[in-house]
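Protein sequences, first through last, are from chains L and V. If you read the first sequence in my numbering, its first letter stands for residue 3, the second for the next number, and so on. If you read the second sequence in my numbering, its first letter stands for residue 177, the second for the next number, and so on.
Keep in mind the hints are simulated off the structure, nothing from the lab. Note that the structure is predicted; figures quoted are calculated from it, not measured. Just so you know, even glycine gets a beta-carbon here, dropped at the ideal spot from N, CA and C. Hints should not be assumed to be uniformly reliable.
Cβ-Cβ distance ranges computed for the label pairs, FRET-style [as the list claims (entries may be wrong)]:
(1) V/G481 to L/K120: 26 to 34 Å
(2) L/P8 to V/K487: 44 to 52 Å
(3) V/D410 to L/C47: 56 to 64 Å
(4) L/K120 to V/E238: 27 to 35 Å
(5) V/Q364 to L/C47: 39 to 47 Å
(6) V/A431 to L/V69: 19 to 27 Å
(7) L/V138 to V/R182: 50 to 58 Å
(8) L/K102 to V/V243: 43 to 51 Å
(9) V/G498 to L/L18: 40 to 48 Å
(10) V/E341 to L/V138: 52 to 60 Å
(11) L/P8 to V/K406: 43 to 51 Å
(12) V/E237 to L/H28: 32 to 40 Å
(13) L/K126 to V/K444: 36 to 44 Å
(14) L/S12 to V/K542: 23 to 31 Å
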Amino acid sequence: MEAEKPTLHSRRNLNLRFNIPISETHEFWDSLAAGRFVTTRCKACGKVTFPPQADCPDCMSSEHEWVDLGPEAELLTFTYVQITPTSFVDHDPYIVAIGKLKQGVNVLAWLDGGDVTKLKPGAKLRIEIRKEPGAVPYYTFVPTA
Amino acid sequence: MALPLRKVAIVGIGHSKFGKRSDVNLPELAFESIKGAIDDAGIGKEEIQNVTLGSAGGWYEENLPAVVVNEYSGFKGIGTSRVEAACASGSAAVRSAYLSVASGEADVTMALGLEKMTEVDTLTAVELIGRSGSYLWEFENYGMTFPAYYALYAVSHMSRYGTTEEDLARVAVKAHRYASMNPLAQFQKEITLDKALSSQVVSWPLKLYDSCPISDGSAAVILASEERAKKISDTPVWIRGIGFSSDSANLSKRADYVGLKATVDASKAAYSAAKISPRDIDVATCHDCFTIAELMAYEDLGFCGKGEGAKLLRDGQTEIGGKIPVNLDGGLKAKGHPVGATGVSMMVEISKQLRGEAGKRQAPIKKGVGLVHNVGGTGHYCYVTVLSRSN
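Extracted from the complex, chain L is given alone in its bound form (with noise of 0.2 Å):
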């Protein structure tokens, strides 16, 4: 290995954190928090969108409503992730799943209680959604037994 070289550690420390707007598609928070996993739908011309977005980005039409999805879902791919970043050092290592649900529409989250060792492609797993106190909720995959 090379010898290390003299380096300057800054002293000013950039601690960045965004307020993201949501007023747009702030239904799907609020039904996440009543227990339902929803998306969009375009008004004009049917397109379910997932994640969910204000504006069709098939027809522009901005008229939109809100659909129940899931839960049921079939895995099309995963991964377990053994080396995390800086704001997830304080986690276990995590299985991402991206699943195509009944709708049409895949969803990328967790999968929480698989045995990775035993899991393929095409495994049926359903949506949950977790609440932590005091934090937003989210949603992960588990396997159907």
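Mind docking chain V on chain L? Use the hints.
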């Protein structure tokens, strides 16, 4: 591009040593390649009319890297900008510099690729790259990482086509073998299949030796119009065609996870612009940020059929003496992957190959055609550039 564009050639190349470069700061690292390219072209720096910098940034202290670098190297008042296409930023910079000459705006331009990723700790770099997708839906709650993105593709490819972890490890063994012949590469030692297979799991099925390192490095090319190129260089390397494309930010919106559509689309556009087919290519650099990425690239670029990437590698067809030698500089995997520098580094490597200056790792050049395949993110961006000894 069917416009009546002018012909453009690479007439100067410069390349720093890749690796953990704590011996130089950002503009000093850039200077190594700028000086190298100017010396190689044998022109004065005042002849360069504009500089485009490819750099993703975020892991080094400067927010306006183009002007910092230009000031240090004495490019006073020059027209400049930084372009971003993630790991394809270098190719995006070459495209900008190319268009400036091809359009007639300038006669001589420079594309510089630069990244300094080791000024932050490793897990912070992992975090910054992990945010390279759709933040709120992939990172906020689920902590995606760059290896994890490609691992989603690896699992699907293995499940669909029977590709194995050993097939992936073979890509790493090849990369390290050629890197050991490239003094500018980050890694200088060959590895065994066992060493790759027994390395730490990063994001299953991808292991440490399936992954490119975190790197510092720079590379530069000087481009010139036909008239100027013939005066500057005896060995101009012509840019014959550029294709570029993109795909969804959010990986869940992809149709499948066995190949990169952006690569398929960008390569078709590049082949069409250059009027070539994959069979005409003597030597290529493919974007192997992870081992699975190189196997998918063989397939998506049309070097073999879909699902046959592992066989092409096993048969030795992507080594010197094979049908299409790939990544004879060690690839991203072993040469190193300073994100914004990579695309320009690939242009430097293919220029060396076409000029016959690659030494022990020289590919046989028959048709005089080389390919640069440069992906940004997980197929979020793709640039494919065809280079040739003849115009």
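Status of the hints after comparison with the structure:
Look at V/G481 against L/K120: about 31 Å separates their beta carbons, and that is inside 26 to 34 Å. Distance hint check: the CB atoms of L/P8 and V/K487 are about 50 Å apart, consistent with the given range 44 to 52 Å. A hinted range of 56 to 64 Å holds for the C-beta pair V/D410 and L/C47, which are about 59 Å apart. The beta-carbon spacing between L/K120 and V/E238, approximately 48 Å, falls outside the hinted interval of 27 to 35 Å.
Restraint check, V/Q364 to L/C47: a C-beta distance of roughly 57 Å breaks the suggested window 39 to 47 Å. Range check, V/A431 to L/V69: about 22 Å between beta-carbon atoms, so the 19 to 27 Å window is met. Taking the beta carbon of each, L/V138 and V/R182 are about 55 Å apart, inside 50 to 58 Å as hinted. The beta-carbon spacing between L/K102 and V/V243, approximately 47 Å, falls within the hinted interval of 43 to 51 Å.
Taken as a hint, the range 40 to 48 Å holds for the pair V/G498 and L/L18, whose Cβ atoms sit roughly 47 Å apart. In this structure the hint that V/E341 and L/V138 lie 52 to 60 Å apart at CB is violated, the actual value being about 37 Å. In this structure the supplied range 43 to 51 Å holds for L/P8 paired with V/K406, their Cβ-Cβ distance being about 47 Å. Checked against the given bound of 32 to 40 Å, the beta carbons of V/E237 and L/H28, roughly 37 Å apart, stay inside it.
For the hinted restraint 36 to 44 Å between L/K126 and V/K444, the CB-CB distance of approximately 37 Å keeps it satisfied. Here the CB-CB span from L/S12 to V/K542 is close to 52 Å, at odds with the stated 23 to 31 Å.
When each numbered hint is compared with the structure, violations occur for hints 4, 5, 10, 14.
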